[in-house]
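Q: Please put together the full structure from these sequences, using the hints given.
Protein chains: 4
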Amino acid sequence: MSHRKLRMGMIGGGKDAFIGAIHRIAANMDGQVELVCGALSINKEVAIESGKMLFLPEDRTYTNFEEMILAESKLPEDKRMDFVTIVTPNFAHFAPAMMAMDHGFHVVIEKPIAFTLDEAKQLRAKQEETGLMLLLTHTYSGYPLVKEARELVKKGAFGKIRKIYVEYCQGWLSKLSEREGNAQAAWRTDPKKSGKSGCMGDIGTHAAHLAEYISGLKITQLCASLNVVVEGRMLDDDGAILLRFEDNATGTLMASQITAGEENALKIRVYGELGGLEWAQQEPNTLTLKWLDKPAQTLRAGGNYRDRQSTYAVHNTRTPGGHPEGYLEAFGNLYRNFALSLMAKLNNEEPKPEWLDFPGVEDGIRGMAFIENVVASNLSNEKWTDYVI
Amino acid sequence: MSHRKLRMGMIGGGKDAFIGAIHRIAANMDGQVELVCGALSINKEVAIESGKMLFLPEDRTYTNFEEMILAESKLPEDKRMDFVTIVTPNFAHFAPAMMAMDHGFHVVIEKPIAFTLDEAKQLRAKQEETGLMLLLTHTYSGYPLVKEARELVKKGAFGKIRKIYVEYCQGWLSKLSEREGNAQAAWRTDPKKSGKSGCMGDIGTHAAHLAEYISGLKITQLCASLNVVVEGRMLDDDGAILLRFEDNATGTLMASQITAGEENALKIRVYGELGGLEWAQQEPNTLTLKWLDKPAQTLRAGGNYRDRQSTYAVHNTRTPGGHPEGYLEAFGNLYRNFALSLMAKLNNEEPKPEWLDFPGVEDGIRGMAFIENVVASNLSNEKWTDYVI
Amino acid sequence: MSHRKLRMGMIGGGKDAFIGAIHRIAANMDGQVELVCGALSINKEVAIESGKMLFLPEDRTYTNFEEMILAESKLPEDKRMDFVTIVTPNFAHFAPAMMAMDHGFHVVIEKPIAFTLDEAKQLRAKQEETGLMLLLTHTYSGYPLVKEARELVKKGAFGKIRKIYVEYCQGWLSKLSEREGNAQAAWRTDPKKSGKSGCMGDIGTHAAHLAEYISGLKITQLCASLNVVVEGRMLDDDGAILLRFEDNATGTLMASQITAGEENALKIRVYGELGGLEWAQQEPNTLTLKWLDKPAQTLRAGGNYRDRQSTYAVHNTRTPGGHPEGYLEAFGNLYRNFALSLMAKLNNEEPKPEWLDFPGVEDGIRGMAFIENVVASNLSNEKWTDYVI
Amino acid sequence: MSHRKLRMGMIGGGKDAFIGAIHRIAANMDGQVELVCGALSINKEVAIESGKMLFLPEDRTYTNFEEMILAESKLPEDKRMDFVTIVTPNFAHFAPAMMAMDHGFHVVIEKPIAFTLDEAKQLRAKQEETGLMLLLTHTYSGYPLVKEARELVKKGAFGKIRKIYVEYCQGWLSKLSEREGNAQAAWRTDPKKSGKSGCMGDIGTHAAHLAEYISGLKITQLCASLNVVVEGRMLDDDGAILLRFEDNATGTLMASQITAGEENALKIRVYGELGGLEWAQQEPNTLTLKWLDKPAQTLRAGGNYRDRQSTYAVHNTRTPGGHPEGYLEAFGNLYRNFALSLMAKLNNEEPKPEWLDFPGVEDGIRGMAFIENVVASNLSNEKWTDYVI
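Chains as they are written, first to last, in full-length UniProt numbering: chain A, 1 to 389; chain B, 1 to 389; chain C, 1 to 389; chain D, 1 to 389.
Careful, some of the hints might be misleading.
A pair holds if it fits inside one copy or across any two, identical chains being indistinguishable in the list.
No farther apart than 20 angstroms at their CA atoms in a straight line, the calculated lysine to any residue pairs in the SDA-like style are these [claimed, not checked]: (1) Lys15 <-> Glu372; (2) Lys5 <-> Glu283; (3) Lys267 <-> Glu283; (4) Lys175 <-> Tyr305.
To be clear, the hints were calculated from the coordinates, so they are not data collected in a lab.
A: Shown next as C-alpha cells:
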C-alpha cells in the first residue's frame, strides 16, 4: 500500500451543525486526511447543499448513512473511504458505528460513544471482533500540556496523589433556550436524543475523563447531586459530585451549564504530597506547577526547554512557545494520532507509543458508566455509591 | 466623654504568636486605638518580654488574664482599657471573654468565637445582658470588594442566586508538621485545643462565612466528607461539602490544608440568573463580574468610578485604585468599624450603617454550628444532613 | 468556473523549515485549498523527500521555482495551481513572486514582502499591471480580536487616539545561536539573507504593522536606537523607537530577541481620550478595554455577545467562546479571506468587505519603508527622523 | 535612653490631603512611632480641625512649621518630637527640612526631596553637617519583592544585565481636572508648586528610581520626549525616554498620566543573559522570573521557601504567603526601617544592614537630576543627552 492521505467519510455534520465543522477542521489541519464522502444530514436538501459547500462530488454525497456505508464498501479499495466519522446526536452514534465496522470501516465517534452503557459494550465487542480502529473524540486529552501533566504525575513528580478537583462551567443554558429555537440546546436537553443525563452527560463526562486521564486513578465511589435549575427543562443542567479514587485519593467534580457568564471553563487541579498542578482549558498553553517548598513554575507548550518535556507533549505541539495553539489543534491531535496509527497499520509499520495515545472504546465505556453511576447516586439517599461498570 | 483614642488590652499574642501581631497591626493602622496593657502569654517570661517589645508599661504587663481584667477594672475610667482583644487558641476564648464582659469590657475575639456551640450561645446571652460590643474577626468580610459583592447581590444585579462555589486551599499541613516543632500546627491539629474539626474549623468556617455573607443566603442542608490525609494527624485536614442554601440555591465548599503549594487560596464564585461574580483573596483588589450576554467587567477597589460603588466598599478603602490594600487593611477595617461604632456609643452618637458592618456574636454562633453540622454530616451515611443550630 | 478547492503551489518550506509548515496548516485548515505542487527546497533531495511527505505527486515535485512556474503554466487550466506561496528566506521572495505574477499566478508571500523597499515597489507595479491577487502574511492582523480592536477604534469608542505602546519581545537569540547550528538563527542574522535589519526587520515590522492596523494612524516620525547585544552578531537583535503618528498621537515600539525567557510576546496598548485597549498575542482570545470612569471590560473571541461584536471579528472566529483559537487560526484567517476573495474573483462574484481584509502589497511597502526608516534613524544623531516612503 | 516609641511631628497632611494620611498609616502600622504634634495646614482652621481628628493635644497643634520646630525644640528631650515628616507640595519641602535639621530633628520627606537639584544638594550638605537621619519616601522600593529582585540581580541570577523596561501609567489626568476643582491636579500641574516637570517629576522619577534600585545600574544617557497631551495644561502629562545605563545595558521608560483607564500601573522588567524578572506594583506579591531555558517561576512574598529568599525580602514581610500586603505595608516598611535605624542610633546600637535599606538624600539628588536631565533632553534636538548631576 502506497503512502497516501487517508480518506474520510462523515455521517452528520451538515451546515449549521457545530461539531461536524470542528471535526473537519481537525481532520484537515495536518494534511493527512481528506474528506471524500458524506451523509451529512437526514434532511436530503441539507445533505446535498452541505456536500456542495464541502466540495464533495455529487455521487459521494449521500442522504443517509446506510446508503453511504453500502455504496462505499462497493467502491474499489483505492478509492473508498478508510474510515467514517460519526457526528450525529448521541442517540444516533451506535447504529452507524456498528454498521461501519461490520463493513470493515474504521470509525471516529464524537463523544459520548453511545446512548447507553450496553451499546458501548457492544461496540467494544464489535471492535474486538473486527480489529478495526476506533477514535472517541474526548478532545481535551489532545492538549499537549494535558499530556505533560499526565506524564508528570506518572513519573511521580508530585509524589502520591491525594486530591483532584475538576470542574466544567458553562453558562449557555442559563435560560430555557431549548424553547427559543436553539437547536443545540433542543437535542442536548432532550432525554430521547441526549440520554439519561444532560449536563453531566454532555460535559461532566469530559471532566471525569480528564481527571482519570491525568491522575491515572479511577473513580471508585461517588456522591452526586444533580439539579434542574431552569424551570421546564427535562434533564439536569447542573450538578456536583464528591469523588473517591483508587489509592485513597479524593476529589470533587462540578459541572454546570447555568453558571451565567462562563464560556467553556474546564479546569483541573491535582495535588500530591510534594506539590500540585493546575490547568485550565481556556488558556491551555500554560500548566502551573505548584510546589510545597519551592516557587511555582509555569510550564508552556512549546517552551524553550522542550528537551525536558515529555515525548507526548512535544509530539502534540506544532509551534514554538508563544504561538498559541488551541481547541482545534487539540482536536487535530486526536485525528493526527489516529491517522498516524492507522497509516502505520495499513502499512504494516509499528506505531510509536505517542501515536497510540488517543481515546477509544474503553474511554467510551467509562464515559457511559460515569453517566449511569452519577444518575444512580443522584437518586440515592445513601451518601456513597460504588462506581460499577 | 472627650474625643480620644480607644484603649485596648490584649490576651495572648506574645512574641512568636502569629495572629496577635496581625491584630496589633490592624488595630494600630488607623490611629484610633492604642494598646495599653496585655496578658500576652501564660509563660511569665514571654509575657514580660513581649510587653517590653510592645512598649507597654511594666505595671500593665500582666501574666494572666484574670489578673489583667481585675486590675484594669480598678483603674480610673479615663485610664483603664476600653476593650480587650482575645487571641489565644480556640479553647481559651470563652473564659476571658465572659470575664471581660462581666467586668464591663467590650471584647474582640479571634475566630472561632468559642470552643463549642454551647459556649457561643452563652456569649450571646452575656452580650445581650450587658449590652457590650463584640467583634469577631472574620477577616475576609473586611475587604471592600467583598462588601461590594454583597451589595451587588443584594440589589439584584445577578438576578436570583442559583449557585455558590467557595473554596479555601492551603498546603501548610501537607506534612505531619505538628510533630516537627511547628507550634501553630501543634495546637490547630489537637482536638483539645482546636475543637471538633481541624481544617473545617480553621478555614472551612471562613469559607462558609464568606458564602453566606456575600450571597445573603443561609446554608440549610449539607453533605460533608472530611479526610485525615496525613497519617498520624488527629483531626481532619481536608474535606468537601455539597451545600443547599435558602431559596433553592446550591453550592460546594472545598477546604484543604494539604493541597501542597497553595498558600491561602480562599476564593468564591456566585452565579445568578443574569451573571456571576468571582473574588479571590490572594488578589483582593479585583472583583470579576461575568454576564450572561455582555463582556465581563473587572471592578477594582478604589476604582475611578467610586461614585458608583457602594458606600460599604468606599468606606472600607483607604487608597485610590492601583495602590493595593491587602489582608492587613481588611483586618484593619474590622477594627476601624468596631472602633468607630464604639466611639459613637461612648459619645452617644448615632453610628453610620457602614460602621456597624462588622462580624459579631451571631456570626460566631453560625461558625460553631457550621462545625458541628459538618462533623455530624461527615459521620452520617445519609446524603443530606439538615443544618441545625 | 465550477465551485472547487483552490490549488496551491509552494516555494520553499521543505521539511525542517518552520514557516512553510505553518503556511500549510493555515491553508489546509478550512478545506478550501489543496497543495498540488511544490519546489520545496533548493536541495534536490530535500525537495523530493519533502514532496513525498506531503503526498505530492512526483511529477509535481519540482526542484526549483523557475521549473515549477514554467511547468505549471503549461498545465491545463483546470489542473494547474491557482496561486503560489513563497516561504523562502527574505532575499528570495522577490524573484519567484515576480516570475509567478508574470505567468499569471496569484501569490502569497511570507513577510517581509521583499529584500528592499525598491523591490517592494516593483511588486506593487507588477500587481497593478497584472491585476493578480497578493497576500502578505502579517499573521497578527488575522486575529479576530485584533480586528475587533481596530473596529472599536474606528467607531470612536475611545475618542481621539493619543497613545500607542507596542512591543515584541523574544528571547531565542539571547546567545550566538547562529554559530551553533541553528539554521533559523543563521539566515535571520545574516544581512545577505535577511536584509538591513535583524530584529526590527523580523519582528519590529510586525509590531509596527499591528500598531498602524489597529490605530488606523500612520507613523510620521521616529527616533530609533538599535543594539547588537550579543557579541559577534551581524545585525541588530534589540531596539526601541519613539514614535509620532498622524493626528498628534505618540508612542513607543520595543522589539528584542535577547529578552531571555520571553517567547513571542507581541503586545499592544492603545489609549484615547475615553479609555484604552490592551491585547497580547500569547493570550489572543481576550481583549481588555479600560475606561476612564467605568470598570474595565474583558472582551472574548466568540463571546456570547457576538451580535454586538463587529462583522470582522465574528467572521474570523470558528468556535464559540471558551474554545481557544490561536496562531494557526489567525494565520488560517489570512488564507481563508484570501481564498474567499480569490474564489469570488474566479467566479465573478462580489467579495464581502470582511473577505478583503487581508494584508497585501501596500502593507509590504510600509514594512520595507519601516525597516529603512528605522535603520536611517538609528544612524542619525538627530532625535527625530521623518518617516519617508 | 530607654526603649520607647519614636515621636513624630508632621508638616502638611491636613484632612483631605492624600499623602499625609498615607504617611500616618505607614508610621502607625508597626507600633513604633506615635504622632505627637503637627503643623498640618497653612489654613489655621484646617490645621486645628485636623489636629483634633488626629487626637493631637491642642498645645501641640501648630499652625505653621516654623512655630512647630521652634516650640518642639524647646520641649524637654523626653517629650519633644524625634523627627518631622514633611508632606507639603514639592515647592515647600526644602525650607522646613532645612530648619528641622538646623534644630536637630531627623526628617522624613515625601518625594521629590526638593524643588530643584540645587536645593537637594544643600540638603545633602546639611545632613552631612548635622549627622541627622533622612528618609525620602520612594515607596516602591519598600516592597519585599522589589528587594528580592534587587538581590537576585546582585547575586548574578540573570547574568549580566542587558535590558531594562520600566513604565508607569496612570489615567487620572486624562481631562483638564486642574480646572475642575481637583486640588491634587491643581498643584501637581502647576510649575510653581510642582517643579520643572509634571508627569516625569511626579511618577517618572519613581520609575527611574525603581530601575536603578533593582538593576544596580545608573542611567548614563537619555533621549526624552515629553508631551502636553491635554490642551491647556502647563506641564508635561506624558512622555517616553530611551535609556542607556552603565555596563552597556539599555532600556526604556514610559510615564503617562493620560493613559485613560490605568490606575497606578508601575511595572518593571529586567533581563540579563540568563533570564529576566517582571514585577508590577498593582499585584506586588508576585515576582515572575523568566529563564532562557527553564520554565518561568512565580516567586511570592512570604512564600513557603522563605529560607531561600533574601534577608531583605523576609525582613520586609509581615505575613505568610497568601495574606496579601500592599502599598501601605511597602510604605510602612520605609518607616519601619527608618525607625529601627533611628532607635538603634538613639540607643547606640548597631543597625542591621536590612534596616538601613531605605531611600535617602542620594536618592533625592538622583531624582532631581533625573528631572533636570529629562527636561534638558526633551528640549534638545540631539538624540542623546548625557545624564549629569
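Q: Work down the list of hints and note, for each, if the structure agrees.
A: Tested hints:
no. : hint              : verdict
1   : Lys15 <-> Glu372  : neither (32 angstroms within a copy, 48 angstroms between copies)
2   : Lys5 <-> Glu283   : neither (32 angstroms within a copy, 33 angstroms between copies)
3   : Lys267 <-> Glu283 : both (10 angstroms within a copy, 17 angstroms between copies)
4   : Lys175 <-> Tyr305 : between (46 angstroms within a copy, 15 angstroms between copies)
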